[in-house]
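These protein sequence lines are chains A and B, in that order. Position 237, counted from 1, in the first sequence is what this note's numbering calls 237; the numbers after and before it change by one each time, with no gaps. Position 66, counted from 1, in the second sequence is what this note's numbering calls 66; the numbers after and before it change by one each time, with no gaps.
By construction, these hints were calculated from the structure, which means they are not laboratory data. There may be inaccurate statements among the hints.
Here are the simulated EDC-like pairs of lysine to aspartate or glutamate, each with C-alpha atoms no more than 16 Å apart in a straight line [claimed, not checked]: (1) B:K81 to B:D340; (2) A:K81 to A:D287; (3) B:K360 to B:D198; (4) B:K81 to A:D287; (5) A:K81 to B:D340; (6) B:K360 to B:D340.
Being a predicted model, the structure only gives us computed values, none of them experimental.
2 protein chains.
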Amino acid sequence: MVIVGAGFAGLSAARALKGSPVDITLVDRRNHHLFQPLLYQVATAGLAPTQIASPIRTVLRDQANVRVVLAEASGVDLARKQLLVGPRSAPFDYLVLATGAAHAYFGHEGWAAWAPGLKSLDDALGFRRRILSAFEAAETACDPAERARLLTFVIVGAGPTGVELAGAIAELARRALATDFRAIRGESARVVLVEAADRALGAFDPRLSDYARRALERLGVEVRLGVGVTACDEGGVALGEERIPAANVFWAAGVQASPAGAWLGAALDRAGRVVVAPDLSVKGAPDVFVVGDLAALTDAAGRIVPGVAPAAKQEGVYVGGVIAARVAGRAAPPPFRYADAGSLATIGRREAVAQFGRLKLTGAFAWLVWSVAHIWFLIGFRNRLAVAIDWMWSYVTFDRGARLITGDDQPLATANAHLAGRCACETL
Amino acid sequence: MVIVGAGFAGLSAARALKGSPVDITLVDRRNHHLFQPLLYQVATAGLAPTQIASPIRTVLRDQANVRVVLAEASGVDLARKQLLVGPRSAPFDYLVLATGAAHAYFGHEGWAAWAPGLKSLDDALGFRRRILSAFEAAETACDPAERARLLTFVIVGAGPTGVELAGAIAELARRALATDFRAIRGESARVVLVEAADRALGAFDPRLSDYARRALERLGVEVRLGVGVTACDEGGVALGEERIPAANVFWAAGVQASPAGAWLGAALDRAGRVVVAPDLSVKGAPDVFVVGDLAALTDAAGRIVPGVAPAAKQEGVYVGGVIAARVAGRAAPPPFRYADAGSLATIGRREAVAQFGRLKLTGAFAWLVWSVAHIWFLIGFRNRLAVAIDWMWSYVTFDRGARLITGDDQPLATANAHLAGRCACETL
């Protein structure tokens, strides 16, 4: 059988089949499993890439029935039961698609060039390069307006990623970078969080949304609710009549499923997700399953399964169980039911919101729960230890360990013209 | 005053002027100081970039007389005493050039595309991506010759960098990756170290050279002495009549100083280094100093100062002292004398060679000295701790913590065609 994608859903499916008499080929276009919930910390120089990613081969080293292949799938031939990988193909009896989703630009795909999204390690390293480069260029900018443009960061979308990103950039500017520059002050950075809905963290209880907004504002973040981005270009963003000049705009809005759904010829929802049967199989192709952010499902209890890591893991484990049962000739498990593990979002140092059913937490205690939960779910003992040490260090020193500008050997001026600072003054 | 370059030499010069009544502008085209001696460990997935690099701003945070500028210098106007940085300029009373050196292709600059050198973090991440990608492609290659080509690594130049790189790749293949693949075995990797001279580690005692060669051979490295590379292209390298098909060739031979020397119109040696006066100033420009790998000097004791980190540091400290003396109106210090701090090179796990004057060490004890020395000289307590923990972990588990392929969002096939594996077989 073949699994495509080694995110939370695909990896869980593979692991659930440990010991089953199946030969699994796990195809991913990257060599590492990524702990996406902490990606924003790599983007803001808090953690290093190695701390939130593990080689897929190492994770599955001891599972003899899995073969890991680094390759990019290009299609599915349902009639012949083959996964297509460029000119080559992999035959399957069962197929599990777990290729995930990205952010949605709602018909403005051209904005992606100016307002990148955050899904991969390379995205995060790009964010880090752009954020740190803007501070560097601002240090030598002599025109106050240009300096302000360089130090303005706009984040579009106030879901957990947008909230965490805005809080982390504000803390980076005000604390970690506070004493490192001579001409600029970290506090002069402007962080704007834009959300089209009327509250942040729409999936949370309104009281927590409100708490998060106030906590962000205490950090100095401007939270703009109920406004949409109407234009986005090299100079910044427009919110209707208002223009915000900004060298850095980051996109954290909407959901757009990966194109794999279209390979199946199955029904897709508006976000491009595959509408799956109660056992997560594809209608008309009972041996093909879709799990994680690529799947659209209302579960047996009538709940819409959200696009979050715990749901992806549960779906992966469930499908692994369905396939194991079929291979063993056992009865199929009952339809999938999502067990809500609660929702967490962090805003900054000792600030988070958490929701577990009726229990709602805010502030330092929520932040502690968030920290422990994220370290717990990180894969690999070494990563857990490294992240725990780093967080304790940062907590005590306010420092950030990963403030490197890499990934772009071009001089700053040619590589990212709009980040280089455009000053008419002669003296450096 | 202006310092260009924040490597060992430039940073030491800046630090030596702490407390002096000078305003220092430190210009570097990267935002981090790099601990180059451990760069090969990033290249071979042993350490993460953050562990061997520190933001220059953070290193000098508490030195109020330094302003750090991220920019690429483009020239020097000696008459006007200005450093040129693109269209802008920085006036100086004293100038310290510390822009370092790269490897030399001896007139075959076109080979750089196929046999990259290792000088920056981006170089190291490129090495890591290429090495790990070759193993990935070999896992799905069906043609034995193609698989062998993918798993052949040629390192040109058996100085410390070449020796350390060859040893580390051999260990990565035979130990860290040993159990991670299904179709290939780590041991089937072929590592070839090519050196034009008749021994490895030419700067060391011949007995240590011989020890290093045998230690490399015990690790499975083919050491080819007294042969030069006559061609280098997509398919591999030629050593005279012999062709070695190899997907990865790495260059660690020769020294070519950075172009900054030519800005001064001063005498350069064959490697492009500036021939400096006994006080490291430039002849005819007593306020301009050259330090580190960019300087060519026979010191007051008649010794040729080698292009190594301790020499660069000593030169930086010395020039800082010269400038401090002039500013204070004190007498100039005596001419520069290089204090040989000894030479160290590691080959692999519990294998190194060390030379301190007449004292020569090999094997496990030399390796321990090497480990302690490198951790000691790493900048920043946190980096020291992180590296020490990582090394202990790797020692116990044989694992490598940084096995991520990043920096290239293109699918492998289009990005590095010669690394993608060219197989005619249909099945993946």
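Here is how each hint holds up against the structure:
A hinted pair counts as satisfied when its Cα atoms are at most 16 Å apart, and K81 of chain B with D340 of chain B does not qualify at roughly 34 Å. Distance hint between K81 of chain A and D287 of chain A is fulfilled; the C-alpha atoms sit about 9 Å from each other, no more than 16 Å. Between K360 of chain B and D198 of chain B the CA atoms are separated by roughly 21 Å; this puts the pair beyond 16 Å, and the hint is violated. Our distance criterion of 16 Å between C-alpha atoms is broken by K81 of chain B and D287 of chain A, whose separation comes to about 75 Å.
Distance restraint check for K81 of chain A and D340 of chain B: the Cα-Cα separation of roughly 68 Å exceeds the 16 Å cut-off, and the hinted pair is therefore not satisfied. A threshold of 16 Å between alpha carbons decides the hint, and for K360 of chain B with D340 of chain B the separation of about 14 Å falls inside it, so the pair holds.
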